[in-house]
Amino acid sequence: MQNLKVFLVEDDEIYSMILAQKLKVFGNFFVSTFSTGESALEHLGLHKDIDVVILDYDLPGISGLETLQHIQKMNHEAKVLFLSGIDKAEIIQECMAAGAHEFIHKDKDVATKVYVAISRIVEDESKKKKKGFFGSLFGKLRGE
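Residue 1 is where the sequence shown starts when you use my numbering, and the numbers rise one by one after that.
Honestly, the hints are just simulated from the structure, not real lab data.
Mixed in with the good hints there might be a few duds.
Claimed, not checked - Straight-line distance between alpha carbons at most 27 Å, and here's what the computed BS3-like set of lysine-lysine pairs gives: (1) K106 <-> K5; (2) K108 <-> K24; (3) K108 <-> K88; (4) K88 <-> K106; (5) K127 <-> K24; (6) K24 <-> K5.
Fair warning: this is a prediction, and the values are worked out from it, not measured in the lab.
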């Protein structure tokens, strides 16, 4: 799981810098950081090859949830993870219902949790590709 391109959208610059550095070490990811949803969306429009977007729920300007909705309107393929210091069930449910792949509570183990979440996304995508490949192969064998 190397060379994934990750956008980290976090308004706390020190927290963002530390998390980005840990992710680069853990997973050999290319991590670009942004402090607002608007700036991330601007760059996302220019870079269609981003694999994962990590969004803080509580951002200045447009919220993390609104940023996710804009990403979806762009039909971007990036998978979205949420981070938040807020640990309320209704917020977690709202984000997951909106299409987030994970909601991770900010704590001392957040970098590990993010790495594990990204690993799950990569594994799920790999399974989908294999299933699609074998499905089309079996279809050809059956004459479909």
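Hint check:
1. K106 <-> K5: holds (21 Å)
2. K108 <-> K24: Judged against 27 Å, a Cα distance of about 17 Å means the pair holds.
3. K108 <-> K88: Given pair K108, K88 holds - Cα atoms ~18 Å apart, limit 27 Å.
4. K88 <-> K106: holds (12 Å)
5. K127 <-> K24: Judged against 27 Å, a Cα distance of about 24 Å means the pair holds.
6. K24 <-> K5: This hinted pair holds, its Cα atoms lying about 10 Å apart.
Every hint from the earlier list agrees with this structure, and none is contradicted.
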